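**Q** What follows is the residue order along each chain.
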Amino acid sequence: MTTDGPTAPAPLPDPGRHLTAPATRSALRIQHRLLAAAREFLREQGFTELLPPVIGPVTDPGSRGSKQVDVDFYGHRYKLMTSAILYKQASLLAFDKIFCVAPNVRLEPLETAGTSRHLAEFHQLDVEVAGASRDDAVRLVEELVVHMVDSVVRELPKDFAELGRDVGAFTELLKGSFGRMRHADAVAELRGLGHPQSPDAELDWAGEALLSAQRDRPFFVTDYPKGSRGFYDREHPEQPGLLRNFDLIAAEGYGELCSGSQRTNDYAEIVTRMRETGENPQKYRWYLDLVREGVPGSAGFGIGVERLTRYVAGLDAVWQASAFPKLAGVVSP
Amino acid sequence: MSDLSAPGFPEEEVRQRARAGAAAAFPPPGEYGRVLFGADRADPYRDGERDPLDTLRITPPVFMPQRLARLIDLGREPDYRDVELATPVGGFTSALPVYVSALGSTRAAGGDLGLALSRQAGSLGLPMVIGENVVPVNGYGRLGEAADRALLGRLRAYTEELPDGRGGVVVQQSTEDADAEVWNLVYSDPAALPLLESGRLAFELKTGQGAKPGLGGMTVLDAETAGRLGDRYGIDDVFGDGRVLRSSTPGTFTAEILRQQVRLMRNNFPRARVWVKLHPGRDVAEAARVAAEAGADAVTVDGAEGGTGWAPGAFPAQVGLPLAECLRRITAAGPPPCLLVSGRIWEGGRAVKSLALGARAVGLGRAALLATAEDPEAGLVRFTECLALELRMLISALGKYAPSALDRDDVWSPEFPVIPAGE
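Taken in sequence, the protein lines are chains A and B.
Numbered per the numbering used here, the first sequence spans residues 437 to 769.
Numbered per the numbering used here, the second sequence spans residues -2 to 420.
Derived by calculation from the structure, the hints in this document are not laboratory data.
All of these numbers come straight from a predicted model, not from anything done at the bench.
Treat each hint with caution, since some may be false.
What the hints assert, rightly or not - Listed next, the stretches of chain A that the computed footprint assigns to chain B, with coverage defined by at least 3 CB atoms under 8 Å from CB atoms of chain B:
#, stretch
1, 502 to 511
2, 539 to 546
3, 653 to 666
4, 706 to 720
Unchecked claim - So the derived label-pair ranges between C-beta atoms look like this:
#, chain 1, residue 1, chain 2, residue 2, range
5, A, H631, B, A83, 28 to 34 Å
6, A, E688, B, E194, 25 to 31 Å
7, A, P632, B, G72, 40 to 46 Å
8, B, P160, A, V766, 42 to 48 Å
9, B, E290, A, H672, 18 to 24 Å
To be verified - Quick look at which bits of chain B chain A covers, simulated, 3 or more residues with Cβ under 8 Å:
#, stretch
10, 253 to 260
11, 265 to 271
Yeah, the Cβ is synthetic: ideal placement off N, Cα and C, and Gly gets one too.
Using the sequences and the accompanying hints, generate a full structural model.
**A** The structure is reproduced here in structure tokens:
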């Protein structure tokens, strides 16, 4: 039987104690500064910030094992957003470079309550660029993350001290040049370490942590196989079965920070890929109509805001990077 | 008592087994010594003879080296009670080479009957498949839908009776179910956690069904219920009397779509087993190979027989490969590691023939429903006792002591070309 890490749910403190704890305040100040730095950087690069929708008739199906939340919208079944992906692609009809800080809700499997890295409600810094390639997106993430971390390290030394986080951990990160490895190489490395990683699947959580623990700066894993991602990741034209996508994985065992890809914008390919991911094209009507009319080719990514905060602040668990954390199956405000 | 019936299916024999248990494997004991017996042209074991499986004969040899091995092992002559029926089935362990395959959203499988069937299948340690469309049609049961119809009610009824280390629940998802995210729902539900943690939860990708190969699921609904489901299913007013036909789409599959869907299931639900159900299509061997190579724990072939839902009359008699031909093609092409079959299975002979032709286990559909309808408390349990006795007798008669030891030498037919013809 495959296991995905520890299953004991982490206890959450009551909200009053959590919000007044000095460590929480420092973590949230770091998060605030990270987002402010991201906005500076992206605006400087000509991006427009949009406000993402919270509900819609359909949302991103490509989230491993988690359940979407249904909303009764005047008798129609709507969904809370699991990610902004469909709207990000559509938004390129208005602007070539967009970003948003999007709330996402995913009813994750119960065992994720104890992984230290899953929240049922979280935020993504979502970025999409018309006409960009996967490698353009990878370069942009790298520059963005360096800028964000540099800003927070320079401006919030007291908070790092309060948290006991040695900013020396970012010496290598701040040089940029994050490593890149293909998914197939990651699988080979994990198997070499005795970890039974499937070559057809996303890196499992334990595997990701294992690779992450071997590195001194974040690194990219690219070229995930089909069958591990949503229908919107573009397939390699010359290497069928592989996708032009990537994850950014933190150093020190903190795991995945960001997922992204070059997008498919071909109507027939999207419908076929929907079937390959077990989806019913009928429910994506508005999106497919738009794609049929034509949306720009693009690449983009979403950085998990709480996960990045956790890594930068050196927190034990990702819930510590949220003012009002929600863990799988745990009732909390 | 339900109003369920099954024309063309040996219904009365199944009901008799549900009442009498193992004794029903024999003629009435009162006839012993007074009635001479022999093969009866009209006997229910040969009912229909539509399928080459029915015309096969089970052929015990005279010389039995495996019986000798069992004799040495036991230090005494083995008998039928020494057959060990426990069988690995699609990542689970079943008490016998049997699983229960008939629990969709159809009226026949709904309500108390579905719950009673779940309870008995659980107590027997038989893996149980919960069919498509239960959640979109009847709800899940967490937010107040009637528990007897909803998926959660069946899951709980089954799990409460389940012995340690046996059985497991298999949840189907069709194209319409994908909208309701049935798998995601079950995977993250506290009620399913004990099954998940003990490795006894599977998800079945349904690509078709035996009763109407190439079409999706069908039920007949009253107009009011149909109105409630209207935007999710095709609703067709073919009957003209207020009742309507509700059709699911069968879903579009190519080899690549099947391969990637199986991989996605493994990626998204790493702690669940993956089953794939195929209709008896002419490319069934290729489809079984694709599913197995993509990592399916079990491939199920549903023979062109019948079902608990609804089908146009043209289909059952004329559409789809016979089950025996499916088995022949699949084994000739190199069978998947765990091949399961269903289709008018109700007694040991048809089951043993299927196992001899390469199946790991057989599914009970209509038989399980009828047995439960006959006695919701213990009908399926008694029916299964009878089936287990027959399996033990037939397998031991072949000089074998486990279902996995059966092979093609154990059956014979003059018409079935690949079976060695009694050389």
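**Q** Is the gap between the beta carbons of E290 (chain B) and H672 (chain A) within 18 to 24 Å?
**A** 21 Å, holds
**Q** Between the stretch 653 to 666 of chain A and chain B, see if three or more residues pass the 8 Å beta-carbon test, and mark the coverage as holds or violated.
**A** Coverage by chain B holds for the stretch 653 to 666 of chain A (4 residues, Cβ < 8 Å).
**Q** Determine whether the Cβ-Cβ distance between P632 (chain A) and G72 (chain B) falls within the hinted range of 40 to 46 Å.
**A** 42 Å, holds
**Q** Closer than 8 Å, Cβ to Cβ, for at least three residues: run that test on the stretch 502 to 511 of chain A against chain B and report holds or violated.
**A** It holds, with 3 qualifying residues against the three required.
**Q** Check, residue by residue, whether the stretch 253 to 260 of chain B contains three or more positions whose beta-carbon lies closer than 8 Å to a beta-carbon of chain A, and give the verdict.
**A** holds (count 7)
**Q** Per the hint of 28 to 34 Å, is the separation of the Cβ atoms of H631 (chain A) and A83 (chain B) within bounds?
**A** About 32 Å separates the Cβ atoms of H631 (chain A) and A83 (chain B), which means 28 to 34 Å holds.
**Q** Do E688 (chain A) and E194 (chain B) keep their Cβ atoms within the hinted range of 25 to 31 Å?
**A** 30 Å, holds
**Q** Quick one: see if chain B covers the stretch 539 to 546 of chain A, three-plus residues with Cβ-Cβ under 8 Å.
**A** holds (count 4)
**Q** Under a C-beta cut-off of less than 8 Å, do 3 or more residues of the stretch 265 to 271 of chain B approach chain A closely enough to confirm the stated coverage?
**A** holds (count 4)
**Q** Taking the CB of P160 (chain B) and the CB of V766 (chain A), does the distance hold inside 42 to 48 Å?
**A** Because 31 Å falls outside the window, the suggested range is violated.
**Q** Per the coverage rule (Cβ-Cβ under 8 Å, at least three residues), is the stretch 706 to 720 of chain A covered by chain B?
**A** holds (count 8)
Taken one by one, the earlier hints fail for this structure only at number 8.
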